[in-house]
Amino acid sequence: MDTAVVTEDHVREELKRLIAEVTECEPEEVSDTAELEEELGIDSLMALEVMVAVDKKYKIDIPEEEFAALKNVNEAVAAVMRHMTGAASAA
Amino acid sequence: MSGRPRAFLAQSGVASVLGIGVDEFEASLYAGRSGVRTDAGPATAGIADFDPREHLGKKGLRSLDRAARLLCVALNQILSDPVPPKSDDSDGLGLVCGTMLGGLDSIVSFDWSGLSDGVKYVNPGAFPNTVINSAVGQAAIRFGLTGVNSTLSAGASSGLYAMHYAAELIRMGGARLIMAGGVDELSDAALDAYTRMGLISPRGVVSPFANDRDGTAPGEGAAVCVLLAAEDASAVDDAAPVELAGWAATHDPCEPSGYDPQARGAAEAIRRALADAGIAAEDVACVVSSASGSPTGDAMEELALAEVFGGRLGEIPICCPKAAHGEAMGASGAFAALIGALALKRQELPPTRGASSTSLCLSDQPQSFEGKHALVTALSCGGENGALIQKIWTKN
Amino acid sequence: MERVAITGLGLVTSIGIGRADFWSALTAGRSGISRVESFDPSAYSAELGGEVRGFDPDPYIRRQSGEQMGRASRLAIAAARLALDDARLVLSPEDAAEHGVVMGTTSGEPRLIEQYNDTRQAEDSSALTPEFFPQYPCQVIPARIARELELRGPSLTIPTACAAGAVAIGYGCDLLRSGRTKMMLCGGADAFSRITYMGFARLGAIAPERCRPFDRNREGMIPGEGAAVLVLERLSDAQARGAKIYAETLGYGVRGDAHHMTAGHPEGRGAVAAMRAALRGSGVEPDEVDYVSAHGTGTRSNDRMESVALHELLGERAARVPISSIKSMLGHTMGAASAIEAAACCLALDTGVIAPTINFEEPDPECPVDCVPNQARQAGPKIVLNNAYAFGGVNASLCLRRYEEPSA
Chain A
209 MDTAVVTEDH VREELKRLIA EVTECEPEEV SDTAELEEEL GIDSLMALEV MVAVDKKYKI
269 DIPEEEFAAL KNVNEAVAAV MRHMTGAASA A
Chain B
3 MSGRPRAFLA QSGVASVLGI GVDEFEASLY AGRSGVRTDA GPATAGIADF DPREHLGKKG
63 LRSLDRAARL LCVALNQILS DPVPPKSDDS DGLGLVCGTM LGGLDSIVSF DWSGLSDGVK
123 YVNPGAFPNT VINSAVGQAA IRFGLTGVNS TLSAGASSGL YAMHYAAELI RMGGARLIMA
183 GGVDELSDAA LDAYTRMGLI SPRGVVSPFA NDRDGTAPGE GAAVCVLLAA EDASAVDDAA
243 PVELAGWAAT HDPCEPSGYD PQARGAAEAI RRALADAGIA AEDVACVVSS ASGSPTGDAM
303 EELALAEVFG GRLGEIPICC PKAAHGEAMG ASGAFAALIG ALALKRQELP PTRGASSTSL
363 CLSDQPQSFE GKHALVTALS CGGENGALIQ KIWTKN
Chain C
106 MERVAITGLG LVTSIGIGRA DFWSALTAGR SGISRVESFD PSAYSAELGG EVRGFDPDPY
166 IRRQSGEQMG RASRLAIAAA RLALDDARLV LSPEDAAEHG VVMGTTSGEP RLIEQYNDTR
226 QAEDSSALTP EFFPQYPCQV IPARIARELE LRGPSLTIPT ACAAGAVAIG YGCDLLRSGR
286 TKMMLCGGAD AFSRITYMGF ARLGAIAPER CRPFDRNREG MIPGEGAAVL VLERLSDAQA
346 RGAKIYAETL GYGVRGDAHH MTAGHPEGRG AVAAMRAALR GSGVEPDEVD YVSAHGTGTR
406 SNDRMESVAL HELLGERAAR VPISSIKSML GHTMGAASAI EAAACCLALD TGVIAPTINF
466 EEPDPECPVD CVPNQARQAG PKIVLNNAYA FGGVNASLCL RRYEEPSA
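Protein chains in written order, with our numbering: chain A, 209 to 299; chain B, 3 to 398; chain C, 106 to 513.
Source of the hints: derived by calculation from the structure; they are not laboratory data.
Cβ atoms here follow ideal geometry from the backbone N, Cα and C, with glycine treated the same way.
Keeping only pairs whose Cα atoms sit at most 20 Å apart, straight-line, the calculated EDC-like set for lysine to aspartate or glutamate is: (1) B:K60 x A:E236; (2) A:K265 x A:E222; (3) B:K61 x A:E232; (4) B:K60 x A:E229; (5) B:K61 x A:D251; (6) C:K349 x C:E107; (7) B:K122 x A:E274; (8) B:K122 x A:E272; (9) A:K267 x B:D119; (10) B:K61 x A:E236; (11) B:K122 x C:E219; (12) B:K60 x A:E237; (13) B:K61 x A:E237; (14) B:K61 x A:E247; (15) B:K122 x C:D145; (16) B:K60 x A:E234; (17) B:K397 x B:E372; (18) C:K487 x C:E390; (19) B:K122 x A:D269; (20) A:K224 x A:E246; (21) A:K265 x A:E283; (22) B:K122 x A:E273; (23) A:K265 x A:D217; (24) B:K122 x C:D223; (25) A:K279 x A:E221; (26) A:K265 x B:D119; (27) A:K264 x B:D119; (28) B:K60 x A:E232; (29) B:K61 x A:E229; (30) B:K61 x A:E246; (31) B:K61 x A:E234; (32) B:K61 x A:E245; (33) B:K122 x C:E152; (34) A:K279 x A:D217; (35) B:K122 x A:D263.
Derived DEER-like restraints, expressed as beta-carbon distance ranges: (36) C:R140 x A:D269: 21 to 29 Å; (37) B:L117 x A:E229: 22 to 30 Å; (38) B:D190 x A:T215: 33 to 41 Å; (39) B:E317 x C:P235: 34 to 42 Å; (40) C:S231 x B:A42: 20 to 28 Å.
All chains, full assembly: derive it from the sequences and hints.
What follows is the structure, given as structure tokens:
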């Protein structure tokens, strides 16, 4: 089994679940490319909330400025994977 | 006092163990129902199965804690009315609320999450609800209230002090229309505090003024009233408008959990409220009392009433709504103001469940009276004493 | 309606205790910020705070036991006694029911929450005695002052977070103007709190090095603590007893943004409304405002919003009317902030000197204001607005005027 692929899907699913939670919609309604702020209505506090939840779940530490610059789910997934890999190699 | 605008009560909204909405609240109260329960441990008067979604819809509730939800449910009744209040002030509708503890559960939980999850992983989205004024802030956002936004805290007198604040603003020309109320949630921490302080009735009954009273039952809720400025009653769109005619607040220097055994501040607050309303003690037709079943608190209130009303005390009908809704903390004073208005309109006080007193005119049945003025008290442990005189105007 | 005079100032701050020490430190641009000591900040993403150090409030607590009392109450009692002493006011017991106290706070007594949770974590509830709990509800702060000084008039707390002090002073002023009271002690108090620190740290709002309001490179606020109490009296009473009158309180405005719990409205909608309401209630035109005490937390968004609001109110004068933030020196003392700032406004009106915004190096094109950079300035203001903005979208503005002796 290719753990890397499974993990990225898991991360995508988790991010969508979190975004759906803070925006009070269904995960299915969160697309990979929808703009987090303009289209999904995620303000800076909500974005921070998602970031902290993600940091906690994956034991990573994404800098706030980096997270704030993410435009959509795709970019967020990439950022999480980047930090996870970074954390793994640091371990 | 002459020449200044008068403050009249208009619509109200309420979320209480006695009902959601003024009609249900009034019906339960006058039917002698009580929200005090003992099925889950110590006596409490919390709102079981409170589901704000029934009243507010499904969206936008996530960031509201229980206190904010209670307040929003009460406000929603006023603001979703076919004819909602409209501020002629371009700044929009304002709101001032009293609260004793704020969203205590939010505050305790946020700190607890720092201990259990570590400070790095606390939820930043939970931080805004840790300020004591968060319920009013959340309500303002939800309903677009861009007028006055204020919160105040004075123990169990908080809700009545909010009425004072709003009425003062009207009297001084600072607002023509403003909403005032009170809110508190029954959190686990508050229940723990009441339990450990030995304030809860072991019998599970709130018996204000009764010889065998042995404590209260902590409760919760929210009530909000619209206050309007009018130069006189004829300008108010109501056949029998109720005015906040006079009020006063005093302090007794005592322990935070205590009362002045000589009732000095309480008696003074009532006297000053009467003077502020330009009436004498004889003009008071009924009393909505804040007696909560506290052995010392009720003794103080009875003494204060005796000081003010003298020999007449045994003839003035009194009701003690806390027998029905428990100690709702910041909401209590707002409930009391609402009840005073309802009573004046009906010319009938609600019953006091399980009432027994040889010296006071209490009854477990509704008590009718004839008169224009009600005294509403909100006397709190720790020394805060609030009194309000309400006057009903009848138009010919 | 009665006119209201401010006749006494009591300050408990990280840069000085008492009016004189506070003012001399403030005008010298001294900073009260250092590494937090009341808890270990190493777990947080920040480490700076404006704690009040080396001050023992207990000698000011004479009529009750300070033992069970929370820190905010203790700082508040000290500030209240300092204020009455500064006012040289001896209160007559017959008037006690007309002497009241209104205090602002953000957190009340948060250490009690911390202790409560510590006992839960340790699973040892022996500290949770019946005497423990009543120390928490925030009306305990003014109640403690009232008990200490035997004030029997209205006593209450305004817990409107970071705007609390200004609203408390405003309401106290109204209780005097209405003729309901003769003397009101008004102010604010907040104690340093891990809950507050943790929250602001998690928001990423705490500046790593300095609080730099209006500076292009500002990086946030710094939590602090303190207390300020102002003595407000009827002007006629103050004149009759020959009191020193620092300033007159004319009125206040408080308005909601109804926008967001932590972020101010980007166009300063509530801030502008509050200032306009304060000026209207005071019978003052915007053109007469010649100094503004900013909320000026040093966060990117607040200071920008504040500048926008100022321009909306004052038009092209906005770039020239000085607006300074003493949070640059004290950090953000929460509910005490706008009360401490009100005291600084009184002293500005009284002495003619306006306090600086320190740590200012580079102007921000998004904040085209005169923030009185780094040096106090002799400016002789006559009408001052003291602004404060809080979580929950509360915007408060207090209007003060220089007192002029009536000509013979």
